[in-house]
Each structure stands twice: as structure tokens, then as C-alpha cells.
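S.K.: Here's the letter readout for the chains.
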Amino acid sequence: AKSPILAVPEEPSNSLSKKRNPHVEVYCLSGHPTLPCNVLKFKSTTIMLDCGLDMTSTLNFLPLPLVQSNIVLYFCVFSVDVFFLQELKECSGHVFVDSVPEFCLPETELLDLSTVDVILISNYHCMMALPYITEYTGFTGTVYATEPTVQIGRLLMEELVNSIERVPKAQSASMWKNKEVQRVLPAPLKDAVEVSMWRKCYTMPEVNAALSKIQLVGYSQKIELFGAVQVTPLSSGYALGSSNWIIQSHYEKVSYVSGSSLLTTHPQPMDQASLKNSDVLILTGLTQIPTANPDGMVGEFCSNLAMTVRNGGNVLVPCYPSGVIYDLLECLYQYIDSAGLSNVPFYFISPVANSSLEFSQIFAEWLCHNKQTKVYLPEPPFPHAELIQTNKLKHYPSIHGDFSNDFKQPCVVFTGHPSLRFGDVVHFMELWGKSSLNTVIFTEPDFSYLDALAPYQPLAMKCVYCPIDTRLNFIQVSKLLKEVQPLHVVCPEQYTQPPPTQSHRTDLMVDCQPPPMSYRRAEVLTLPYKRRYEKIEIMPEVSNKNGEKDGGFLLIQPNSSYCFSSPFD
Amino acid sequence: MPEIKVTPLGAGQDVGRSCILVSIAGKNVMLDCGMHMGYNDDRRFPDFSYITQNGRLTDFLDCVIISHFHLDHCGALPYFSEMVGYDGPIYMTHPTKAICPILLEDYRKITVDKKGETNFFTSQMIKDCMKKVVAVHLHQTVQVDEELEIKAYYAGHVLGAAMFQIKVGCESVVYTGDYNMTPDRHLGAAWIDKCRPDLLITESTYATTIRDSKRCRERDFLKKVHETVERGGKVLIPVFALGRAQELCILLETFWERMNLKAPIYFSTGLTEKANHYYKLFITWTNQKIRKTFVQRNMFEFKHIKAFDRAFADNPGPMVVFATPGMLHAGQSLQIFRKWAGNEKNMVIMPGYCVQGTVGHKILSGQRKLEMEGRQILEVKMQVEYMSFSAHADAKGIMQLIRQAEPRNVLLVHGEAKKMEFLKQKIEQEFHVSCYMPANGETTTIFTNPSIPVDISLGLLKRETAIGLAPDVKKPKLMHGTLIMKDNSFRLVSPEQALKELGLAEHQLRFTCRVHIQDPRKEHETVLRVYNHLKGVLKDYSVQHLPDGSITVESILIQATAHSEDQGTKVLLVSWTYQDEELGSYLTSLLKKGLPPSTA
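Protein chains in written order, with the UniProt record's numbering: chain P, 1 to 569; chain S, 1 to 600.
The hints are simulated quantities; they were obtained by calculation from the structure and are not laboratory data.
Cut-off 27 Å, straight-line C-alpha distance, at most; resulting in silico cross-link-like pairs (DSS-like, lysine-lysine):
| no. | chain 1 | residue 1 | chain 2 | residue 2 |
| --- | --- | --- | --- | --- |
| 1 | S | Lys289 | P | Lys213 |
| 2 | S | Lys303 | S | Lys289 |
| 3 | S | Lys274 | P | Lys394 |
| 4 | S | Lys194 | P | Lys213 |
| 5 | P | Lys43 | P | Lys530 |
| 6 | S | Lys280 | P | Lys392 |
| 7 | P | Lys530 | P | Lys222 |
| 8 | S | Lys462 | P | Lys530 |
Pair by pair, the computed Cβ-Cβ distance ranges are:
| no. | chain 1 | residue 1 | chain 2 | residue 2 | range |
| --- | --- | --- | --- | --- | --- |
| 9 | S | Ser542 | P | Ser212 | 57 to 63 Å |
| 10 | S | Arg43 | P | Ser338 | 54 to 60 Å |
| 11 | S | Glu406 | P | Gly296 | 54 to 60 Å |
| 12 | P | His504 | S | Leu502 | 57 to 63 Å |
| 13 | P | Gly296 | S | Lys194 | 50 to 56 Å |
| 14 | P | Ser212 | S | Val84 | 47 to 53 Å |
| 15 | S | Arg196 | P | Arg505 | 55 to 61 Å |
| 16 | P | Ala522 | S | Asp193 | 37 to 43 Å |
Listed below are several chain P residues computed to face chain S (Cβ distance under 10 Å; list not exhaustive):
| no. | residue |
| --- | --- |
| 17 | Leu216 |
| 18 | Thr232 |
| 19 | Ile536 |
Please read all numbers here as calculations on a predicted model, not as lab measurements. Note that the Cβ used here is the ideal one computed from N, Cα and C, for glycine as well.
Please model the entire structure based on the sequences and the hints provided.
M.R.: Shown next as C-alpha cells:
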């Protein structure tokens, strides 16, 4: 029998003890501002907003090599104590855990997660912790997400599980997590937080079980929860099917903004108007690179790529299998002929590469207007269909098999995982790292590229950092807040102060009146709100009896909606 | 009393030219805007002058909804919007919006280029018309204006077909368009939640049919095609480019694959490939199986089915040809039919419904000598088969949908009067709801009884629920409040708040009642008897005997005096305020019954 990854809370959940809570409360379960996990208690419903999985923890682990290599990585044994010789390795001044990589889960002890009624997902990056929540906490509710979110989220999970399971590691390190031990370790291991919440990856059966609990929703669909609350997803403009959520009763409105974009890339534009008149606006998922302009980064990406290939080198692009890669391929489609790259092969290697490329073409309804118009013709909305047809872009499930026969250099390879700790990217880092002709271009903003590269040092290959993060920057946020005028703003504490490395940039924080209320991991916020009216319905029998002796009965129904009925019923 | 009015301009006791006007809570909505395949004169389009004689249609209609791309549901749209003139919103799903203009253009070409008609809508008009279209997602709540909202549900029938809920306040109508309650090889089944509309407007094409299992029909179809091909005959299957065509193609493709057959299958017109592209790009609208496997194998990429060329019709040997249009009323299917009709080895299979007046309808009703253009007589010797592959709900399916949606009234359209009559009775018997079947131009009025939403002040709600025992969900409870109707809104507030808001002084209303009781005893003894009696009866109330000799029950005051003329009669003075009316009147009637015999 498999031991559960999470401890089930000891106290049995008692749904009867649920009281009508007059407050709006936010429980903050994740400390990562772009991978949020909050629980909102509102009108006696308990709603989880996103379940992001913090994967930066994997940077503390050794990469999982795909090909048994006796070269490249040389590790000295780090010697503090003979006991953990096995689980800690040193490499060019850094110490890494030699074990299956682990991820940092959201808090599970702050409240009994079996009492969560529904989970609302805003985009496919923010659902990666879903199996941990739905399969190990006694959760019995429903998860709501759009169809592209679910389909692409499934692909991301599949890729993750696949790249970890294909390199079986006997070792699962735990001794270093002992507080006494961790204290004496060198940084960054010494400073790693919440290590007790680090868990190894879930399995495919768990992914399938979690996804089976999802109910598909469309933009602007009104979903009634127990007759007390209505939730509605709105287009957020960040990714295929990405949404912000409105959670409202007749007289209270909470807006949950997560991962939104005002740039015109492939998804449907953001719906801003519907966020107006919110009592509370919860703001998460802003850009992680507020100083970089995505357009400029794409330009730099293209020119670096062209330069390397022209000099006979190879380009490695560590990336997720969906999202920005569609935009990059579209840029390259327009760029390759003019840059004289027509004969350079582009490889997209991922167990889900084919599915991702196919799926991108069938979500016409979730795309921006230009792409929709193409579908009406009918033509595929993304030009990577043509790149594939003309053999300029080839995709493979992994480096094994067909790829090894077709592989020609110089070339451009898109592959995961962006952390450089697992997936086919590890192989290419080992293969190309020694030559200064080659370049690795970082486009995903989720991992510090220096930390990602640490175990591969010393490295001869060029490293270019072109993070492309299309999510809202602080200028856009203050414009948005002026526009939609929420009474209160709630955001992670990181957004209420300038970035630690740029403490003079007071423009890089959320600025609004009244100042935002901030939260940090494992905190509970009680939100102020004032409400003077409630909605009831007068039944026609009562309203038709004007003139007669009046008076009616108030029926209080279990779902906390009220109706007014005739006293003669 | 609020009412919903429905007037079909088309599809009233008829199939074709679907166009239904609905008035609900002051909003006017037009459902579908179709053409009639059976007519070539003015009757082919709905008579929009019914809506207005000289005003602009935009002023009379809040929106137009198109359920799916079949021409009998959207064929009059450019005429309506560009030639008669309508600039308001037109709603349809994304696939409908994509495919609709192509079918309209096809229709225009046949009418203008082939038949040489003038005064018909132009290609530019189709484009301008489509600019007025707003595409909707399934289940998205579209706010047409502040009050009117619409919502689309999956209908199965063809790619992108939808049912629509139209809602204003608490009143709602559901229009099904055409739908199919059983999933087929490429589409899913129609679905709607228990939305309890005031009115369900449903199609009733197969009002009296209960179809046998789909599997049998498919086996039958394949057997007939196979036999004909085996004996060297040619099979003509008239279809519309999108819809049943894909269903039957998937069916034949898999059969050819399995049986390893070599006879060629063709699909006519340039639409085919384009049509299949739409299915590939809108694969999320197909059934679960196709959606799940599309990455590995796209069901709309056919290996055995090739494009048809006009010259192939004269080729010797067996072949199967899918040709448009489906009712043999014009175009390529009719041309091929004329060529092949004389040979008894050949076969024509009609896989769908044929409207009256079309060649398809004629041969299905047994006519074997057809008068063609130019008085030419065409003798039909080929075998004529009808096999219902139309993706319409049958009687069982219609009943199933009614059960799902639980409407308060049902209205039948898109069917034949006789068959409707039968279904109407069945619906009324089984569901005990009224069922209507208006003819074209006939108005049906349905009265609704909506609840009235009211804002209740939170203070009042808390105060009233706190009075007395804890609220019991099963027991009704009396509450007092004042309803303020102002600025089109209703608010229920406490009387004090209402007085304050309206700047009124409070008036005390007191009821006083005298009750005569025969009791020779002294006044204070009578009072004591009354006190003991009330205390015994009203156990849950606070009954008090005050030092001044009066009794209070809650805030109700009771005093006793001797009758001025008859000392044996005591007069009980009962006094209560309007707020305590219930208890006060109860007390008086209790006291009027007299006191129980004294035990003292």
C-alpha cells in the first residue's frame, strides 16, 4: 500500500457546525504570488481560489539525467556528517539534494480542506497542486475550470509526471530536512522554507482522479453555489482559457484577478468591465519581471537565436509545452525567411508536444479576434500548422526513438522543463554545455536562470535571459484599479513593497487608495464589508392579495435563500 | 397579469422557414430567420411586415437568435437584415457564425446564378449581415440589455446547433431549435438543466415517430449500399454539405475499411473539404469519443472518400456519391438523380426529411413519374429508399427534454399539424401542462405568475428572524415590514425606517373590544378567573396580573368593570395595537367563548 503524501487532518469534519459567517475571510495557503492558493469564506461557502504548486523548490535538487553519463557533472561528496553522504552532493560550490525532486505544497493545516466546497481555477499554471488537494485532504466538492485550462493543464501534468517517472531514483532524501541538520547546511539549502511541505510528484492515476472532479465552464457563465453565491469566470487575456472570477451575492461582489494580460497575444482579450463595482478585489499573478518589456524580449530572443545558428551553433529554449511557445513559434514563422533560417530545423520535444500543438488549433472560441477570423475561413488559427506541414518544425515525444535518426545540427530545440532539473532539457544541457557556439535562451520567468544553471557550471555555452511575462505590470495595475474602482484591494505582501533587489523602485508596487491589504503564507485576513439589504422573493399569491389583510410568512430555507409566502399557505 | 406572447411567422404547424416571434416582459425576440425549401415565390421568406409595416425592424426587435446553420433556420437572414433592414444584435454560436455565411452564399449562387433570379440578396449583403452577428459560447450568459439575457445549450443536431434560454427577470422561454437527444457517430446529445421555463418552444419533426435503434438503421443502410455496389449499381445519397454528410461518411469510411471494399466513394461540390475543415477546427463541439482521440486519429480525415467530378457520373461500374442538396430540389444531387433514375440497378437513399414540393418529397411519397423543367417527364426506375438519419429528437426524445427542463407550458413548432396534435395530447396527459401549436401568424398568449424580487433591509431580516423561537426551516413564520415601491425597485424595510424615509409621522392604531361575561362575582375575582384561564391556555406567552387590577398578555391590555346596569355581567375591555392584531383577535374570540366553570 502506498503511504499518503499528505496527512489527513485528524479532526473529522463536521458540516453541521458551519455557521453563517458574517465576514469575508481569506485564508492564504501559498506564499508564491504568481502561483496562488487562497481560500475565501463567503456567505457560508468555502471557495478555494487556485491551487498553484511552487516548483522553485526543485532548484535545490540535482538534475535527473536521461542518458547514463559518466561526464559533465562531477560531484564531490559534501561532508558534514557521514549520515547524509548519500543524499547531498556538492557541485561547483553549490550543494544539491540527490533525490527525486520535490515541490512545495500549499498549506494544508491552516484550515480543514475537506470543508472546501468548490475550487475555482484561473489558468493551467495555477492548477498544478490540484491532485494533492483533491486526493489527499478529504475534498468532496467540485472544481470549476474552462475547457482549455483543463486540457492544457492535463498536458502540463502529464509532462511533469512523465519526465520524473522515466528516471527512477531509488533515493528519497529526508534527513537533510531535519531542522538541526538544515541549520548547518550552506545556503540556499539552509534558507529553504516550508521544507516539511515538500512532496514528491503525484502519479498519473492521481492526475486523472483529480481532473475527473472538474466541471467545465465557459466565460460569463453564471454558476450558482447552493443558492447563496454566484461565481462567474471572465476572460483574463493571459493564456488559452485563462479566467478571472467574480464571486458575488446580490449585494456583495468579490473579484479574483489572477494572471491577467492586456497585451494582444493569442488569447481572448481581458474582460475588465465586469470587474467594476467590486467590494473586494483580490489581486494575484502579476508579472514576475516588471522591468522587462515582453515585446523587446521577443525581439532579443529572435536576434540571439539567429546569431547563434548563423555561427553554426545550436539553440536550446527551455520551456513549458504550451503558452508563450505558441507566440514564439508565430514570431519565428514570420522571422525565419527574412533571417535566412529556412533550412534550420526547429525541434519541439515533449511527451505532449503533438497534443499541445493540436489542441492549440481547436479552441477557436477562446482566441483573440484575429485568430477567430482565421478559423471562420476555415484555416488553422496558429501558423505552426504550416511550419509542421513544411517540415520546418518537427515534434517528438522524447529524444529517444525517431528523434535520434532525424536529429541534424545546427538546430533549435524547444523542450522542458524550464527548471533544468528534469525532462529532455537535461540531456541538451549536458550535450551542448561545453561549446561556446551554442546558446541557451531562457524565456520562462518562473525560475531564476542563474539558479537553474548552477549544477551545470562551469558552462561554456552562452546564456541569454529573455524572460517573457505578459501578465500585468504595475503601471497597468494602477490603471486597471482606477478604472474598476474596487472598495478594497487584497494582494500578496510582495506587491506592497518594491522588489528586494531594487528597493529604490517604489514604482514597482501596487499603489491604490485605500492602500491594499496584504497577506502572506499561512495568514488569515478578515475583510471589511458592509451590506444593508438582502434579496427575497415575494410569491405572487402574496403580492396579489393587496387590499386583503396583509402579512406574510418568511420562510428560511436551508440554502439560505429567503422567500416570502402567504400566511394562508 | 404578466404574459408571454408567441407568434410563428414560419414553422407554425409546418417544417421550413423557421421564424418565431416572442414577446416576454416587454422584450421582443425573433427566434431563427429561415427560408422555405418548398417555395420559390414570396412565401419562401417569413412575412416581416407582420412585425411592422413601415417602421424600422430594429425599433421593434431587441434581438435575433439563430439556432443553427441550416437554411430553413437562417436562410432569410440577409434579406431580413439588409433588404428589410435590421441593425440590432444577431446571436449565434461560433460554428454557426463560421458556417452560416458559406451556406448562404451557396444558396444565393443557386438562386441567382443558376435560376437567374434578380432582386435577391448579394454577397456583400451576406457579409454586412454577418457583421451584425455576435458569437456566443455554450452556457455563457449574454446580457442583451440590462434586463434581457440569453444562454445557449448544446443541441446535438448539427455542428454548433444550440438551444437558447431567453430570460427577463423571473420569466423565461426556452427555444430548442432542432435537436437530437441521442449521441451519434460525430455529435453528442442535447442537454439542458432543470431551468423550469415558463414556456418551452420545441421542434416536433418526428412528433409521432419512435425510432428503432440506431444500430439497426445503420446496419440496414450499409447492407443496402453494399448490395447495390455488389451488383454493379450506383448509389446516390443526397445530403446537405454539413451535418448528416459527415455522419454517413464516418459510417461508410469505417465500413469500407472493415470490409476492404474497393468501389469508389465520392463527395460532391467544393464544400466538402472545407466542411471537413470546420469539423476539425470545431472539434470541441463533436462527441466525446472524437474529441478524445482527435490527436491520434482525426475522424474527419477520410481515406476512402474522394472529391467528385461531374464527369464521374457517367463512369461505368459501381460507385457511391454523396451530393448536395439533400432534398433533391436543385443543384448537383438533382443532376445526378436525373442521370441515374432510369436504371433499376441504381439506388437513391434519402437520409433525411424532405419538405413538401421538393423532388425528394415526391419520390418518397411514391411518385414515379416526375414532371421536370420544360414539361419533360422523368421516369424513376431506380430504387428509392428512405432512411431517417436526420438528427432530430423522436417522440421519446421530445418527452425526455420536457422532463429535463420541466417547463410550465409547451409550444410545438417545426412539424406537421396532424402529428403535432397527437404529441400535444401526449404531453398534456403525461406532464399536465398546457401545450400549444399555433399556425403561422397565429398568436398564443401564456400567462405567467412570476415571484417578485424584493430587497429586504438586513436589520429587519435579522430582527424578524430573531423574534420568538430559533428559525425552523420547516415552519413558516410571520414577519412584519413595510414595502416601499420607489424608482422601479421594491424594498422591504422596518416600519420605523419607512416612516423616516418617507418623512411621515407614526400613527398608533389601537383596537378596543368589549366582551361581556356573565359572572356575579366581584370584579377582582372575575379578573383572577380570567387571568387563570389565559395563563392555562397561553402557555408560551407572558400573562401578567398587574397590581392595578388589569391583565396583560404580551402588550395586550385587559381590564374588567362591572356592567353599569347589570351587576351580574362583567365587561372585559380588551385593547391591542395594530401590530398585535393576530393575538388580539385571538384573545377576544377566546374570551367570547366564556370562562370555564369555576372550580373554586
